[in-house]
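My request is simple: use the sequences and hints to build the entire structure.
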Amino acid sequence: MAPLTIEEMRRRIDSEPGFLEELAARLRGPEKADTALAIASAAEAHAQKLAACRPLMAALVAALGSDDAAVARPASTALARMAVNDPVAAPQRAADAGALPALLAAAARSQSGGDDATLAEALQALGDITYRVRSPLAALLAVTPGAQRLLVDCLTSGRAAATVAAVPLQNICHVDWEHAQRVANEPGAMAGLVAALRSPRVGAAGAAACALSCMAGVGQSFNQAAWPAEATAIARRIGAEVDALPALASLLRLRGEGTSPVVNAAGVVAAIAAVDAGHAQRVAREPGLLAGLQALLGHEKPNAAYNAAFALFRIAFTGAAHAVAAADGAIDALAAAALGGAAAAQAHKALATIACDPRAARGIAQSPGTVGALAAAQGSASYAGFTLSRAVRAGGAEAAGRVLAARGALASLTAALRVPGQVGVSALMLADAIAESGPGPARRLADGGVVPPLAAALRSADSEILAGSVRTLLSIANADKALATRVAEEGGVAEGLAAAIDGPCHNAAVNAACLVGSASNASGAAARRLARTPSLMAAAARAACTARFPAAFLSLQAALTAMAGAGAAAEVAAALTFFRREAAKDDGPGMARACQLLSSPPLSLPAEPVAVLARSADAAAALEARAVALEALARAAAGEALARPAACAACGQVAGGGVKLAACAGCAGGPAGRVAYCGGDCQRAARPAHRPYCQAVAAARSAGLVPPRHRP
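For the record, in the sequence shown the residue sitting at position 223 is 223 according to UniProt numbering, with numbers rising by one throughout.
Hints are computed from structural coordinates only; laboratory data are not their basis.
These figures come from a predicted structure and were not determined experimentally.
Cβ coordinates follow ideal geometry from the N, Cα and C atoms, glycine included.
Certain hints may be false.
[As the list claims (entries may be wrong)] FRET-style restraints, in silico, Cβ to Cβ: (1) Pro534 <-> Leu633: 22 to 30 Å; (2) Ala482 <-> His322: 23 to 31 Å; (3) Ala160 <-> Gln366: 45 to 53 Å; (4) Asn185 <-> Asp96: 25 to 33 Å; (5) Ala405 <-> Arg285: 35 to 43 Å; (6) Ala233 <-> Pro17: 55 to 63 Å; (7) Arg134 <-> Pro358: 45 to 53 Å; (8) Pro17 <-> Lys301: 40 to 48 Å; (9) Ala139 <-> Gly408: 47 to 55 Å.
Right, dumping it as structure tokens:
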């Protein structure tokens with residue numbers, strides 16, 4: 001049979017049925033070397049047709065057993081190309097034909113015989129056939145007797161071609177965590193994979209980095225709070241290899257030569273840095289490593305940028321935050337990554353960690369690009385406000401001014417204060433830091449509109465949010481008297497301060513009391529506004545007389561005195577009298593303080609008026625109790641009336657069977673429920689008896705005690 005040219009073979013594959021079976025026969029004949037080479041050449045264009053022919057696949061697998069490299073090598077190449085170009089079906093068909101043990105045998109013969117070219121092709125074919133995350137064929141390769149040992153021996157042989165063994169080892173590690181552990185525990189595997197990081201074959205170097213990252217737990221679905229000790233131990237072993245960090249630093253510089261090596265190198269770096277502070281510092285000191293990660297932050301591939309940001313966060317978090325911050329351009333690069341994309345969350349976490357170091361925090365405050373990026377991200381990134389707050393606390397009023405000067409910073413801060421969850425808490429921390437940094441920044445905060453959201457935050461059930469909002473409002477109020485008045489007059493502030501003073505959070509209560517004192521002494525208008533809030537007056541009287549919070553009761557006593565002097569003496573006297581009445585029940589020390597405040601300037605009430613006020617308070621309390629009982633009775637009566645069958649109030653006819661009822665419009669919403677009549681005659685007949693009730697409901701409606709009439 002004449003040898004086939006490549007062009008002729010490609011033409012006949014497309015046009016002649018039975019030609020593939022002829023090729024299978026030729027593979028077993030004297031021209032098998034030329035045939036194997038021709039098949040390898042056609043495998044890219046005709047992978048599906050070639051792989052679908054079982055006799056041909058069986059013949060290729062048989063050719064792998066040839067001692068002639070001119071046969072075994074192109075047979076390996078053909079199988080590899082089919083797997084790459086028909087990844088859905090060709091790998092399984094090759095495995096079904098027995099390719100895995102045959103390729104392993106070919107690799108073993110080539111290794112012992114010194115045939116590097118065939119060794120590399122056989123190993124590459126093993127890698128291409130088993131390539132896929134959680135590949136069942138990789139799992140099958142792992143349990144093939146002697147396979148894992150052979151692959152590791154290839155890696156440790158020192159031959160450049162043998163580093164391709166990292167590819168099938170990577171695939172085994174990708175099956176699951178248990179498989180990765182078994183590879184890690186194979187003697188020599190760790191050292192061999194670290195050595196392969198230096199391979200001139202970029203694919204092999206990338207596969208070695210991928211295998212190492214899998215071993216160290218990177219990409220596994222572990223709970224960060226319960227990271228397996230085994231993964232940390234493996235990362236420690238990787239870090240102990242002499243050339244590991246220098247080789248990883250070299251890989252990180254491979255820009256434009258494939259994404260896999262740099263992505264996985266960054267993952268391994270993150271795992272090593274996370275072992276402990278010593279490892280993090282070693283990573284940070286490795287020449288070129290931080291610079292490589294920093295450059296990778298701008299990579300066009302999302303997973304590359306993510307792994308770089310994750311590695312920098314791990315280095316900073318574990319014990320080398322200052323080193324990351326000190327790296328030239330690192331803070332600006334992280335800020336740019338924090339603006340959006342796959343790396344944004346990790347970049348924010350890295351910056352937040354760096355900001356915990358006061359020196360690094362000042363560096364953040366001095367970087368306009370970083371401040372601008374963080375200010376813009378406040379509404380979506382939970383760490384942005386926290387990072388800026390640390391920068392402001394480290395840099396003081398000057399840093400606060402830089403933050404406030406950033407474009408849109410105040411607007412985004414005001415909006416973030418209204419966002420629930422950690423974003424709102426983070427924004428509150430920033431507002432608090434700015435307000436405490438000095439009167440100027442506090443004034444700019446208030447002018448920027450943060451007071452309304454802070455007032456709304458006073459209603460939060462979260463003690464952290466409540467305490468932060470009270471503290472921030474206090475700092476704003478302390479900036480100047482006009483701001484104190486503005487804070488006091490903001491809707492919801494007085495009621496929120498009352499809840500804080502009565503609440504369980506000590507810091508919030510003390511600061512709320514101080515805020516009431518500052519605002520009351522700032523202006524008569526503020527004092528009168530606060531005095532018009534019954535709940536605040538009751539809370540202030542209680543706290544001022546019982547000395548529940550020693551640090552605050554003097555402020556509240558001063559506040560009550562200022563309110564009385566500003567024209568709210570009646571409200572102050574009423575609040576103290578009501579408290580005195582409650583305190584009289586147990587004759588506690590609060591009663592004596594209430595009497596003292598009532599008799600001291602500016603109230604200066606003698607004993608007789610105080611007694612009159614006490615009797616009035618008793619009467620008012622009794623009336624209030626009666627009113628509460630009557631309101632409850634009215635609500636219950638309305639519910640009871642609604643539960644009864646609808647019937648005419650005059651003749652008693654029930655709706656239905658031709659009887660239609662119409663409700664009296666005058667008393668809709670009253671405690672008697674729906675008063676209805678079956679017609680005009682009944683309504684007119686009942687009018688004399690119904691009129692007093694109807695008029696009473698109308699009067700109550702005008703006073704806002706019942707809902708308005710429904711208007712269809």
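Structure-based check of all given hints:
1. Checking the proposed 22 to 30 Å range against Pro534 and Leu633 shows it holds: the Cβ atoms sit about 24 Å from each other.
2. At roughly 42 Å, the beta carbons of Ala482 and His322 sit outside the given window of 23 to 31 Å.
3. Taking 45 to 53 Å as the suggested C-beta distance range, the pair Ala160 and Gln366 conforms, at roughly 48 Å.
4. For the hinted restraint 25 to 33 Å between Asn185 and Asp96, the CB-CB distance of approximately 30 Å keeps it satisfied.
5. In this structure, Ala405 and Arg285 meet the distance hint of 35 to 43 Å, their C-beta atoms being roughly 36 Å apart.
6. A hinted range of 55 to 63 Å holds for the C-beta pair Ala233 and Pro17, which are about 59 Å apart.
7. Between Arg134 and Pro358 the beta carbons are some 46 Å apart, a value that agrees with the proposed interval 45 to 53 Å.
8. Taking the beta carbon of each, Pro17 and Lys301 are about 45 Å apart, inside 40 to 48 Å as hinted.
9. Separated by about 53 Å at the C-beta atoms, Ala139 and Gly408 satisfy the suggested range of 47 to 55 Å.
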